[in-house]
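Kindly generate the complete structure, drawing on both the sequences and the hints.
There are 2 protein chains.
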Amino acid sequence: MEKKNLLVGQSGGPTAVINSSLYGVVSEGRIHEEIGHVYGMVNGIEGFLNDTILDFDEALPGEELEGLKYTPGAYLGSCRYKLPESLEDPVYPQLFRKFQELNIGWFFYIGGNDSMDTVSKLSRYAASVGSDIRVIGEPKTIDNDLVHTDHTPGFGSAAKYVAATVREIAIDASVYEKKSVTIVEIMGRHAGWLTAASVLARKYTGDNPLLIYLPETAFDTEAFLQKVEAAFEKNCNVVVCVSEGIHDAKGTFICEYDNSVGTDTFGHKMLAGCGKYLENLVRSRLGVKARSVELNVSQRCSASLLSATDQQEAVQAGRYGVQAALKGETGKMVSFVRCEDPDGGYRMECGLEDVNAICNMEKTVPLDWIRDDSDVTEEFIKYARPLIQGRAELPLGEDGLPVVVYRKFK
Amino acid sequence: MEKKNLLVGQSGGPTAVINSSLYGVVSEGRIHEEIGHVYGMVNGIEGFLNDTILDFDEALPGEELEGLKYTPGAYLGSCRYKLPESLEDPVYPQLFRKFQELNIGWFFYIGGNDSMDTVSKLSRYAASVGSDIRVIGEPKTIDNDLVHTDHTPGFGSAAKYVAATVREIAIDASVYEKKSVTIVEIMGRHAGWLTAASVLARKYTGDNPLLIYLPETAFDTEAFLQKVEAAFEKNCNVVVCVSEGIHDAKGTFICEYDNSVGTDTFGHKMLAGCGKYLENLVRSRLGVKARSVELNVSQRCSASLLSATDQQEAVQAGRYGVQAALKGETGKMVSFVRCEDPDGGYRMECGLEDVNAICNMEKTVPLDWIRDDSDVTEEFIKYARPLIQGRAELPLGEDGLPVVVYRKFK
Chain H
-10 MEKKNLLVGQ
0 SGGPTAVINS
10 SLYGVVSEGR
20 IHEEIGHVYG
30 MVNGIEGFLN
40 DTILDFDEAL
50 PGEELEGLKY
60 TPGAYLGSCR
70 YKLPESLEDP
80 VYPQLFRKFQ
90 ELNIGWFFYI
100 GGNDSMDTVS
110 KLSRYAASVG
120 SDIRVIGEPK
130 TIDNDLVHTD
140 HTPGFGSAAK
150 YVAATVREIA
160 IDASVYEKKS
170 VTIVEIMGRH
180 AGWLTAASVL
190 ARKYTGDNPL
200 LIYLPETAFD
210 TEAFLQKVEA
220 AFEKNCNVVV
230 CVSEGIHDAK
240 GTFICEYDNS
250 VGTDTFGHKM
260 LAGCGKYLEN
270 LVRSRLGVKA
280 RSVELNVSQR
290 CSASLLSATD
300 QQEAVQAGRY
310 GVQAALKGET
320 GKMVSFVRCE
330 DPDGGYRMEC
340 GLEDVNAICN
350 MEKTVPLDWI
360 RDDSDVTEEF
370 IKYARPLIQG
380 RAELPLGEDG
390 LPVVVYRKFK
Chain U
-10 MEKKNLLVGQ
0 SGGPTAVINS
10 SLYGVVSEGR
20 IHEEIGHVYG
30 MVNGIEGFLN
40 DTILDFDEAL
50 PGEELEGLKY
60 TPGAYLGSCR
70 YKLPESLEDP
80 VYPQLFRKFQ
90 ELNIGWFFYI
100 GGNDSMDTVS
110 KLSRYAASVG
120 SDIRVIGEPK
130 TIDNDLVHTD
140 HTPGFGSAAK
150 YVAATVREIA
160 IDASVYEKKS
170 VTIVEIMGRH
180 AGWLTAASVL
190 ARKYTGDNPL
200 LIYLPETAFD
210 TEAFLQKVEA
220 AFEKNCNVVV
230 CVSEGIHDAK
240 GTFICEYDNS
250 VGTDTFGHKM
260 LAGCGKYLEN
270 LVRSRLGVKA
280 RSVELNVSQR
290 CSASLLSATD
300 QQEAVQAGRY
310 GVQAALKGET
320 GKMVSFVRCE
330 DPDGGYRMEC
340 GLEDVNAICN
350 MEKTVPLDWI
360 RDDSDVTEEF
370 IKYARPLIQG
380 RAELPLGEDG
390 LPVVVYRKFK
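Going down the list, the protein sequences come from chains H and U. Counted from 1, the first sequence has number 150 at position 161 by the numbering used here; the numbering is strictly sequential. Counted from 1, the second sequence has number 240 at position 251 by the numbering used here; the numbering is strictly sequential.
None of these hints come from the bench; they were simulated from the model. It is possible that part of the hints are untrue.
Remember, identical chains collapse to one label, so a pair may be satisfied in a single copy or spanning two.
Stated by the list, open to error - With a straight-line cut-off of 35 Å between C-alpha atoms, the simulated DSBU-like cross-links for lysine-lysine are: (1) K352 x K167; (2) K278 x K239; (3) K71 x K223; (4) K87 x K278.
Below, the structure is given as structure tokens:
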């Protein structure tokens, strides 16, 4: 039997478990007889076009591969490169020539909906030229906005980070007996899944965060201020979680209202996020102590509160994709199907979906899971809670910090 | 033997282990025959003046007390209340009347140098009126700026959070092969200990963060830009860690240069931190991709990367203070003395220092531990590394998040 080689790449923004999916693909690739080398493309399709690849047997031999499961970011590096719409473009034969030179039989791309667009184009091009290369998409995004899948790898850990961090911020905010408002700005431009996950921070009914605003509904500034005032009845320290993408009824992002703020000393427009904008609004209109916290990149790259469920599922998705490709599947994305156990518990199975129905689509939070434009319902909690369960123990190094693996030579 | 009661309070900003010190005081208090009730003052001295106290046997009976070791923030609440300079002020007899009503024999105040000022005044007043109440200070601050102690409880966990988070941010920044600068703004207005701890994020020589700026030396904007340019030789993704308190040679805080930015839509001055200022500076002057991350309150309230060393030492300090007070000590702060083990390892012992020599003083990073105004030396690393060692396992609740304890009724 002539062996073929496996190629895997990562694309788009990092998550806490994108390397767990990589681990799944590589470790599964290693155990199949028909697979020769397992290659990784460095910096995605863009890097591959410049011949930056590595062989996992050299880069992470044997047990060293395990480190991927605890390493956030994108081990292989990433890119933001969109393949041309026209399959007549010369980049396609160029790519497939490279695939052929490396004797690639299977290609896996780990990413969000832009990356699924790449999977769609490459699998369609392969079909059009009669190539037998199998192309499979491995889902990844903290935004949880891919369609035709119950959820995405990366969301559970990001949701756990958001919930745990908002709980800590609420505890921090509660130490003084003086009216205060803390605005927490959370990632998610169009889909509010991650912001909604802040509800999981509540320890009891009526606990902070008292207000939660998603980009799925229009943000009304005056109604917001009234709700903050009303929230003081419950707690003198009010925590509000907002998605970075909140916008008013006209569709203008709230953060854009800060454009008026002025220019910096170099004549450049100074842009702040909606959290900073609302902090100033609350301070000036309500006359109370206000501060804002932008969770920033840590919500996508922190491994300190990895969800064991998310990590295991990411590995599972990686493995499942390889098994499917070996069975001849192509042009598919690995999806997650939620099954109910006889005891009512949570269970997830992998499936396959046509990648053409997924790329360039966006799944937002159902409107009936949003309450009064400023909270989420029990249905959301029931959906999200299982995804943040369990602890993935991070091995500590001699330096006292969690161990990570990284590419030694670029 | 007539029993007396123990009273403990917390003051100033929260840390990840201020409740571990509280645990140490309360658990030690429970095992001594001569101590009756163990009371906590809610919201520090200020709350106590309004009679807000709790009895730990009711609030956290038996095993429930253990939860304090894993709960960040300040369980008892806090205050920022400075006692009058004059011991003739009527607030002193008022306080001591309350102490007497509650039959208090020992009082412990957990906090930073402002709180040590309270300990100093109360112990001096006690002496002046012949009261036998013993007053002991328990150190606490992420800033590590108390004198006459090797380090402070709270610093190790904050340092571990900073080091681990900066490492993750550096990993996140490294995924694209395109020049970028990430500015990380870290707490510490006058003392750069916590910013210095970002050096512990380096995985190898020449790794990020490539530049580290403390408030102990003057910040030179032009030299900074030149060093960023030079850093691109080592890594196309440059991470710079700056203390919030960096200032120029004239003593003007760098963040103050942002005052020129303008006003928000309500006519209020829009203030950004020095990280945002430097982000804009880099983008406009060097023409490269730039972003800034303010670590914000999580660096003082996150328990997700608790240092086991810090946690154990905080408990130890709490216990030691109670033992000292029972031996008759008063007007002292528990200090940490670093001892070298025969094998060269790290070992810490508790000591006592005169609180009058500690309050209102500030310990900064020694200048000879700062290299070229933009890095720290091996001496600092040798000092700080032992303090971030070990993992404190956070118990997870059914909700998938770390368990915390909190006051049910205010």
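inquiry  = As a check of your reading, is K278 near K239 (CA-CA no more than 35 Å) within one copy, between copies, both or neither?
reply    = Close inside one copy (30 Å) and across copies (31 Å); limit 35 Å.
ask   = Given identical chains, is K71 near K223, meaning Cα to Cα at most 35 Å, within a copy, between copies, both, or neither?
value = Answer is between; shortest inter-copy Cα gap is 29 Å, intra-copy 49 Å.
key: Up to 35 Å CA-CA - K278 versus K87, copy category   = For K87 and K278, only the inter-copy Cα distance (31 Å) is at most 35 Å; the intra-copy one is 60 Å.
ask   = Between the shortest in-copy and the shortest cross-copy C-alpha distance, which are at most 35 Å for K352 and K167: within, between, both, or neither?
value = Between copies only: 30 Å across chains, 40 Å inside a chain, cut-off 35 Å.
Hint compliance for this structure: every hint is met.
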